[in-house]
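Undergrad: Each chain is listed here by its residues.
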Amino acid sequence: MTAPLLELSGLTVDVATDDGGARTLLEGVDLTLAPGEALGLVGESGSGKSMTMRAVTRLLPRAASATGAIRFEGADVLGMNAGELRRYRDRGVGLVFQDPRAHINPTRRIGAFLVEALVRSRGVGRREALARAAAVLAEVGIDDPQRRLGQYPHEVSGGMLQRVMIASVLLAEPRLILADEPTTALDVTIQREVVAILDRMRRERGMGMVFITHDLDLALAVCGRVAVMYAGRIVELRSADTLHERAAHPYTLGLLGSRPSVDARAERLTAIPGRPVSAFESGPGCAFAPRCSFATAGCESAPPPLADFDGGVVRCARVQEIHAARMETKA
Amino acid sequence: MNRMKFTWTRLNKALGRSGTLSLAFLTVVVLAAVLAPLVAPADPNQSSLLDAYAGPSGAHLLGADGIGRDLLSRLIFGARTSLLGPALVVGVSLLLGIPLALLASWYGGWVDGVIARVFDLVYALPGLLLAVLTVALFGPGLTPAVVALSIAYIPFLARIVRAAARQQRVSPYVDALAVQGFGVLRITVRHILRNIVPVVVGQAAIAFGYALLDLASLSYLGLAVQAPTSDWGVMVSDSDALLKGYWFQVTAPGVLIVLTVLALTVLGARISGEKPPGYLRRGRPARAASAPVDAAGNDRTTVGAAA
Amino acid sequence: MNAVVGCGVLEGGNAVEARGLNKHFKAHHAVVDLDFDVPAGGSLGIVGESGSGKTTIARMLVGLERPSGGTIAVTGRDRSRPARGAKERGRRARELQIVFQDPYTSLDPSQSARAAVEEVLRHHRRPLALAQELVDQVGLTERQSRARPRDLSGGQRQRVAIARALAAAPKVLILDEAVSALDVSIQAQVLNLLADIRAETGIAYLLISHDLAVVRQLCDTVLVLRRGRVVEQGECDRVLDDPAEDYTRALREAVPVPGWTVGG
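Protein chains in written order, with our numbering: chain A, 5 to 335; chain B, 40 to 346; chain C, 131 to 394.
It is possible that some hints are incorrect.
Interface residues of chain A toward chain C, partial, derived using beta-carbon atoms under 8 angstroms [said to hold, decoys possible]: (1) Ser49; (2) Asp191; (3) Arg196; (4) Asp219; (5) Pro264; (6) Leu273.
Pulled from the structure, derived: some chain A residues nowhere near chain C, Cβ distances all over 12 angstroms [what the hints assert, rightly or not]: (7) Asp22; (8) Gly40; (9) Glu77; (10) Pro110; (11) Thr111; (12) Arg112; (13) Val123; (14) Arg131; (15) Asp147; (16) Tyr156; (17) Asp312; (18) Val323; (19) Gln324.
Derived contacts from chain B toward chain C, CB cut-off under 7 angstroms, selection only [what the hints assert, rightly or not]: (20) Pro211; (21) Val218; (22) Arg233; (23) Asn234.
Bear in mind the hints are in silico, worked out from the structure with no lab data behind them.
Every residue gets a Cβ at the ideal spot worked out from N, C-alpha and C, and that includes glycine.
Make a model of the complete structure from these sequences and hints.
TA: Below, the structure is given as C-alpha cells:
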C-alpha cells in the first residue's frame with residue numbers, strides 16, 4: 005500500500021468563546037487520502053466539513069485551536085513553522101472556494117492574478133508565466149485565453165471565474181486540491197462543466213482531491229469515496245458506488261430520503277425532524293440521536309464508535325439491528 | 040440587588056467599559072442639571088464681593104468667581120443652559136432630518152439625488168459660520184444660534200440615517216411588507232426606523248457633543264448665551280479671572296465641556312458602531328470566519344484562492 | 131383548518147393569468163412575450179438558470195416591478211398597473227403573497243414570528259386568534275414563535291415567512307427559490323409542509339426555482355425559461371421525462387442523480 009497523501013487522525017478543533025469557554029467544532033476526525041484519490045465530504049450546516057478543510061490548510065480563525073494530527077506526505081502540518089507552512093500551501097495544496105469573486109482581487113487583471121505566484125515565489129519569468137497561464141486557461145476550457153488574461157474579474161461570468169480559479173490552482177501544480185462547494189453558486193449546466201474539468205485535471209495530473217459539498221449525489225458522481233459528516237464528526241464513510249445501496253447510518257439514510265428526485269415525485273419526502281446541530285450543541289452521546297427515529301436511551305448517553313460495517317465505516321451503536329430491520333421490511 | 044448587578048453586566052457587555060463610564064458620567068451631569076435647585080449649595084447668581092475669588096472652603100466647595108458667586112452652583116446651573124441648547128439643536132435636526140432621510144431612502148432615484156445634494160450643500164457650510172451670520176442678522180442670543188446650528192446639523196444626522204435606512208430598504212423583508220399592502224409611512228416608521236434606532240441614537244449623541252462645543256464657543260464669543268446667565272461657555276470666557284491668574288475658575292467649566300463631549304462621542308460610537316466581528320458572535324461559525332481574506336491579503340503564495 | 135386559515139379554493143378559472151408579459155431594463159430585455167397560467171389550486175413551476183428572468187416575473191406579479199408590456203390577472207382581476215390606494219393594495223395582498231429566498235433578510239429583525247403574523251392579520255382585519263393556528267400550521271413551537279429571527283435557524287425563519295404570507299389568506303403563493311437556501315434535511319421538511327398546506331387549503335403555488343427536483347416534487351405544471359423566453363411548458367411529468375427541447379434536456383441531464391457521471 006502506498007503512503008497516504010493526507011492523513012487526519014483524531015483531528016479536533018475548538019474555538020474560544022467571548023466568555024472564556026470553548027466550543028468544539030470538529031471532534032476526532034480520522035481520514036486518509038491516497039495520492040490521486042478523490043474523497044467527498046458531505047454534510048449540512050455545522051457538520052464541520054468546511055472546518056476540516058480550514059484545519060488542513062491551517063486557515064483556522066484566530067480563536068480556534070486544532071489538536072490531533074494532520075499529516076501531508078508524512079509531514080506534520082500542525083507543527084510546521086512559517087517557512088514550511090508557506091511551502092506547503094504553495095506547492096502542497098490548492099484551494100477552490102464556493103465564491104470565486106470573493107477570493108480574487110477585483111482591481112487586477114486575470115493575467116496578473118494568475119502569474120503572481122509563479123513570478124514572485126517561483127522565479128519564473130513574466131513572459132514565460134503568462135504563456136503557462138494561457139496554456140492552463142485553454143486546458144480548463146476557456147476560449148481565447150490571451151484575451152481573458154487582459155480582462156478584469158467583473159468582465160467574466162461566475163462560471164468562467166471559477167475556471168480561472170481552478171487554472172490558478174493548477175498553475176501551482178499542487179499534489180492536493182481542496183474544493184469547498186466549488187459549484188454551489190453556479191447554474192447546473194455550468195456546474196456540470198466545472199466538475200468535469202476538476203475531475204479531468206485531477207486524473208491527468210494524479211492529484212488528490214477533497215471535494216466538499218452539501219449535495220450527496222454530486223459527491224458520489226465526483227468522488228471514489230464519500231464521508232458523511234454530522235455535528236463535527238464523520239458518521240459514515242464508504243465507496244461512492246455502493247453508498248446508495250448500502251448506506252447504513254440513519255443520518256445518511258435520512259439525507260438520501262430528504263432529497264427530492266428529479267426522476268419521480270415522492271408521495272412524501274422522508275424528512276429528518278429537527279435541525280442540524282454543531283458539535284458543541286450535542287450531548288454526551290450520539291449527536292444525531294435527538295433526530296433519529298431508531299434512537300434508544302442508550303444512544304443519548306454514550307458516543308458510538310466508528311466501526312467497520314458492510315464494507316464501510318459507520319458511527320452508530322445500533323447499526324446491526326437497524327440494518328437487520330431494514331432488510332426484513334425490504335424482503 | 041441581583042437584578043441591578045445583572046443590568047450592570049448587560050450594560051457593560053453592550054457598551055464596553057468606556058461606554059458604561061461615559062453613560063455614568065452623563066447621567067450625573069444630566070441629573071445635576073435637572074435637580075439643580077436641589078443639589079446646588081447656593082444661588083448661582085448671589086454675589087458677595089467679600090468672597091471674590093475665594094478658594095475652596097466650607098462655604099464655597101470649589102471657591103467663588105470674581106464677584107463672589109459660588110462656582111460649584113454656577114457649574115451645576117450652567118449645565119442646564121449648556122445642555123438645553125444642544126438638546127434643542129439635536130431635537131430640531133432630527134425632527135427635520137429623519138423624514139427627509141427616510142424619504143430619500145425610500146424613493147431613491149431623483150428624490151434621493153436632490154435631497155442628497157442639498158445635504159451636501161449644507162454640510163459644506165461650517166455650522167459656526169452659519170451661526171455667526173445668523174447672529175449678525177438677528178442679534179445675539181440662544182434662539183438664533185440654536186436655529187442656525189439646527190439647520191447646519193441636519194446633514195450630519197440625516198446622511199447617516201439615510202444610509203442606514205437605505206440598507207433596510209433593499210432588504211427583502213421590506214418588499215414582503217409592501218406585498219402585504221402596508222403603506223409607505225407604516226413600513227418606514229414602524230419597521231425601518233425602528234431597526235435603525237441604534238444608529239440614530241448613536242449619531243445623535245455625537246451630534247449633541249459637537250453642538251455643545253459649538254454653542255459653548257458661541258457663548259464664549261458672547262454670541263449665544265449672555266452673561267450673567269450661568270453657562271459653561273460663558274464661564275470659560277471669564278477673561279478677568281484669567282488675567283488675574285485665577286485659572287481654576289476658567290478651567291473647571293472647560294474641563295466639564297471636554298469631558299461631556301468626550302463621553303457623548305464615546306457613547307455615541309458605542310451605541311451605533313458595530314462591535315469588532317468576534318468569532319462565533321452569532322453562533323454561525325462558517326459565516327463569521329474571515330480567514331481566507333487574511334490569507335489572500337498577507338500570505339499570497341500558491342494562488343489568490345488558495346494562499 | 132382550511133376554513134380558519136381561509137385560503138378558499140377558487141371556483142374554477144385561473145388563479146394567475148399572464149399574457150404577453152414583457153420587461154425591459156434599459157437595453158436589457160429581461161422577460162419576452164411570456165404567456166402562462168396557474169390554475170386555481172394548481173401549482174406551476176418556473177425553472178431557469180441565472181439571468182433567465184424568473185425572479186423578475188415574481189416581482190412583476192407582486193407589484194414590485196411594473197411590466198413594460200402585457201397583462202397580469204390574479205383571480206380574474208387585472209394588476210398590470212400599480213395599485214391605487216390602500217384598499218386596492220390590501221385586496222391585492224389578499225389575492226397573492228410571496229415567500230423570498232433568503233431566510234436571513236426576509237424577516238424584520240426586530241419582530242417575532244407571532245408579532246409579524248399578528249401585524250398582517252390586523253392589517254387585513256382578520257381575527258388575531260388565527261395567529262396561533264398559523265404558527266401551529268407551519269410547525270413552529272410556542273417558544274420559537276416568540277423568538278427574534280436571529281435566534282431561529284434558516285428553516286425556522288422560512289416557516290415564519292410562510293406563516294406571515296398565509297396570514298393574508300392569499301389564493302396564490304409565490305415561492306421565489308423559497309427552499310433553495312435550506313439544508314437538505316430542512317428543505318424536505320419545508321417541502322412536505324408546503325404540500326400539506328396546499329392539500330389542506332387549496333391554495334395555488336407559483337414556484338420559482340433553479341432546482342428541477344424541487345419543482346417535480348411540488349408542481350403539476352412547469353415552464354422552462356431561458357433568457358426571458360419560454361423554452362417549453364406543460365405537465366411536469368411530460369416535460370421532465372420526455373423533454374421536447376434540447377435546452378430542457380441539457381438542464382435535466384446536468385442534475386446529479388444516482389449513476390450520474392462526470393463529463394458525459
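Undergrad: Look at each hint and say if it fits the structure.
TA: Now the hints, each set against the structure:
With a cut of 8 angstroms, the hint placing serine 49 of chain A at the interface with chain C holds, because the nearest CB-to-CB distance is about 5 angstroms. Against a cut-off of 8 angstroms between C-beta atoms, the interface hint on aspartate 191 of chain A holds, since the closest Cβ of chain C lies about 4 angstroms away. Interface restraint check for arginine 196 of chain A: the shortest CB-CB distance to chain C comes to about 4 angstroms, inside 8 angstroms, so the restraint holds. Interface restraint check for aspartate 219 of chain A: the shortest CB-CB distance to chain C comes to about 6 angstroms, inside 8 angstroms, so the restraint holds.
The closest approach between the C-beta of proline 264 of chain A and any C-beta of chain C is roughly 4 angstroms, which is under the 8 angstroms cut-off, so the hint is satisfied. Proximity of leucine 273 of chain A to chain C holds as hinted, the smallest CB-CB distance being about 4 angstroms (cut-off 8 angstroms). Residue placement check: aspartate 22 of chain A keeps its beta carbon more than 12 angstroms from all beta carbons of chain C (closest about 16 angstroms). Remark: the non-interface label on glycine 40 of chain A is consistent with the geometry, its nearest Cβ contact in chain C lying 15 angstroms away (cut-off 12 angstroms).
Its beta-carbon lying about 26 angstroms from the closest one in chain C, glutamate 77 of chain A satisfies the requirement of being farther than 12 angstroms from that chain. Listed as a non-interface residue, proline 110 of chain A keeps its Cβ farther than 12 angstroms from every Cβ of chain C; the least gap is roughly 19 angstroms. Once the 12 angstroms rule is applied to beta carbons, threonine 111 of chain A is consistent with being away from chain C; the minimum gap is 24 angstroms. Listed as a non-interface residue, arginine 112 of chain A keeps its Cβ farther than 12 angstroms from every Cβ of chain C; the least gap is roughly 25 angstroms.
Annotated as non-interface, valine 123 of chain A keeps its C-beta farther than 12 angstroms from every C-beta of chain C; the closest such distance is 33 angstroms. For arginine 131 of chain A, the requirement that its beta carbon stay farther than 12 angstroms from each beta carbon of chain C is met, with the minimum near 34 angstroms. Distance check for aspartate 147 of chain A against chain C: the nearest CB is about 19 angstroms away, which clears 12 angstroms, and the non-interface claim stands. Every beta carbon of chain C lies more than 12 angstroms from that of tyrosine 156 of chain A, the smallest distance being close to 20 angstroms; the non-interface claim holds.
With a closest Cβ-Cβ approach of about 24 angstroms to chain C, aspartate 312 of chain A is found to remain outside the 12 angstroms limit, as its non-interface label requires. No beta-carbon of chain C is positioned within 12 angstroms of the beta-carbon of valine 323 of chain A; the least distance is around 20 angstroms. Listed as a non-interface residue, glutamine 324 of chain A keeps its Cβ farther than 12 angstroms from every Cβ of chain C; the least gap is roughly 24 angstroms. With 7 angstroms as the threshold, the beta carbon of proline 211 of chain B comes within range of chain C, its nearest partner Cβ sitting at about 4 angstroms, so the hint holds.
Below 7 angstroms, beta-carbon pairs count as interface contacts, and valine 218 of chain B has one with chain C at about 5 angstroms; its hint therefore holds. Hint status for arginine 233 of chain B relative to chain C: holds, with the closest Cβ pair at about 6 angstroms, below 7 angstroms. Checking asparagine 234 of chain B against chain C: minimum C-beta separation of about 6 angstroms stays under 7 angstroms; hint holds.
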